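*Asks:* Start from chain L and add chain F according to the hints.
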Amino acid sequence: MVAQNVAFGILALAMVLAAIGVVRTQNVVHAALYLVVVLAGAAAQYILLAAEFVAWVQVLIYIGAVVILFLFGIMLTRAPMGDLEGLNNRQGLPAVVATLALIGTLTALLVDAFSDQEIVLDAPTPTADIATQVFKVYVVPFEAVSILLLAALVGAIVLARRD
Amino acid sequence: MNALAVEIPWGVLLAIKAVVILAVVPLGALVLGYTFLLKMMSHMQSRLGPMDPGGFHGWFQLIGDGIKFLQKEDIVPDEADRRVFALAPTVVVISTFLIFVVIPAGPRLQVANLDVGVFYALAVSSLSVIGVLMAGWASANKFALIGALRAAAQLIAYELPLLLAVVGVVIQAGTMSLQGIVSAQQDGAIFGWSGIGNPFILTQFVGFLLFLIAAQAELTQTPFDMPVAESELVAGYMVEYTGFRFLFFFIGEFGTATAFAALAATLFLGGWSIPGVHGTAADLLGPLVLVLKLMAVAFLMFWVRFTYPRLREDQLQALAWKVLIPIALVNVIITAIIKVAI
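So the sequence lines, in the order shown, correspond to chains L and F. The first sequence runs 163 to 325 under the numbering used here. The second sequence runs 106 to 447 under the numbering used here.
Honestly, I wouldn't trust all of these hints.
[Stated by the list, open to error] Just the calculated beta-carbon pair ranges, DEER-fashion:
id, chain 1, residue 1, chain 2, residue 2, range
1, L, Ile182, F, Asp183, 25 to 31 angstroms
2, L, Leu210, F, Leu405, 39 to 45 angstroms
3, F, Leu405, L, Asp278, 54 to 60 angstroms
Note that these hints are calculated values from the structure, not bench results. For clarity, every value in this text was computed on a predicted model and none was experimentally measured. Glycine included, each C-beta is placed from N, C-alpha and C at the ideal position.
So that you can see chain F by itself, here it is in the shape it has in the complex:
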């Protein structure tokens, strides 16, 4: 028997799972926002503001921002469609919450081990576009509408490379379940040597790059941030949102960044697994290992975000349809051939 084997009634288990998911998303958003948006960006771009409040390294900045958001007035434009306007941020955040249902943090630390794992995660992540379109239209603002339309065009275009990049991993692992993909990497071997398992970043490096580029576009981060381009559209679809509703969009954005970083870590870096560690030890170490890998991936994503200038709208579409999708298709074909041949 296992040391952690405690019988928990399913109702209590469900409640615990719900609370964990509800806590993970804002927490992940805050950690990523603090580490990367406030600290890393300040260091890279010599920004003094976020390094000042509270004395040491500007630790108070995020708390101050939070207090500011909470006391702001909740403004709804006169012409706005009130119900749709109010519902839009919730749709975006719900889509973020749903992704975390399938991300495993240990052999048994997972809300639901769905057979369609990755596919489910990518399907629910596409729901956020509806929230973005709702927000842009209901604001009754031209900038917001243009921002929402740009977001929709971009998210649809990059949905395909995102899915196709994952197909290579799915073929290699032989399953779409994220738990199955993790154990395929943990118990795998490189030419018979199983010292570090077989993280798919080695065999699916092209897929990893495609996934990161497409995820960057799905998150509307620079260099793909035309939907929220502040110099052209003020703040795109978020322009009319204030206070708590704006905070929802913020949590949605950084929560989804956490989710995509966790997905990339799970698909390509072995997720919660350390080679050779199984059972209870893996359950205890898993969350820490996953967070470390997730932060490494997020570091790459934000590094690009703070470095590159914005693409033009036609360059964005050309990149997706003429470069990323063909590369992804070739990657899928080669992976399939090798899988069958070996």
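With the rest of the complex left out, here is chain L:
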């Protein structure tokens, strides 16, 4: 477990630094690229938690599609080479307060819910098990989410159409 803890520490540090980079940089494209590091770090954390499938879904969806759409949108509209004026706003103090409140809430919740459990991470979760969970146990929520996404898709097309 020691190796896992060390790896977690390194990844967490890299993620925090990159996350600070996302909000501090004056260049939108750089912000999106820092975001790639944060999301890749999250994928690596999933691997540490033996959630292999979730990790690669994270890579495919978030890095391979969402960030690419971000970059695509930025570059299609406005992506100057240098720094952009007025990209940062002066709300440092509220941001610190909100962050601390979030950390406190999450820590309290996690300790309250899982503090007496030990999760054994011997082997990666087989993908077949995940499929069984999603399509047998949680099939109704899964279908509900599908319909929600379909509705969002139809809504987007309706909003984007000009005629």
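*Replies:* Same frame as chain L, now just chain F:
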């Protein structure tokens, strides 16, 4: 016990695996570049240049190209974003290296037999788009930016048919592990006859075609080469790159072509397997068999590349969304029904 059963410490094993991966990608890129880009294309299009250097069949051409690339000046445009510019080719090449981690060359010749095999390969292959966008933007060049945007739009559109084409194979094999898919084909039978196993190209022929078309688009090869269309965009996102950095893009392009050909060979042609050959013999013959099948698939891919003219941008998107994805979905549904029924 097995004749090849030697105890190797895990650190040494890891080092060997890393060296093999590091060697396979440039080697595959060179072999494909030499065989198809220089020789096959020259024969098909009557190009005399690449057939001349060195005398016999122009064998020296590739070495000459290599020497030329290495001695070129490393130019970075004044306006370029230097760090992103320098990082972009590396991102593309790393994505290529990562695909080879799961491709098996024998029952035990594989870096890691991941349970999510194919899915992992397609997920990491999509990372190269980020490198392409980085290159196009950081070059501070309009042609490069337009090329990168075209590449991104194209790669996102063809990601879906690529994944859906593979789903049919995954349903039939019942696993996403590439090793599992190979053994499903090797030990399978066609209506009880197991003479050639059950290569999925027979049952998943539609999937095979979809996979090849989508892979062609992912590799930005003709007829889907708008991102690097030389007559419109000079060289697209690569236009500002010279010397070694350009070589990185070249290795990325042909290395990924090798990877996709190997994936197609593994998914549809049985990969390293010969029916009835198991154990150590399969480990020894596996790499050769895989390379032969891979070259056959690559031949098809490059044949199309050297034959067809370029599509228009709207035709490209229409083909992906209106033709390939619906066909792929129907293929998945039919495969699932048959799988459940039998």
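*Asks:* Hint by hint, note whether the structure agrees.
*Replies:* Results for each hint:
1. L:Ile182 - F:Asp183: 25 to 31 angstroms: holds, 30 angstroms
2. L:Leu210 - F:Leu405: 39 to 45 angstroms: The hint (39 to 45 angstroms, Cβ to Cβ) holds, given that L:Leu210 and F:Leu405 are roughly 41 angstroms apart.
3. F:Leu405 - L:Asp278: 54 to 60 angstroms: holds, 59 angstroms
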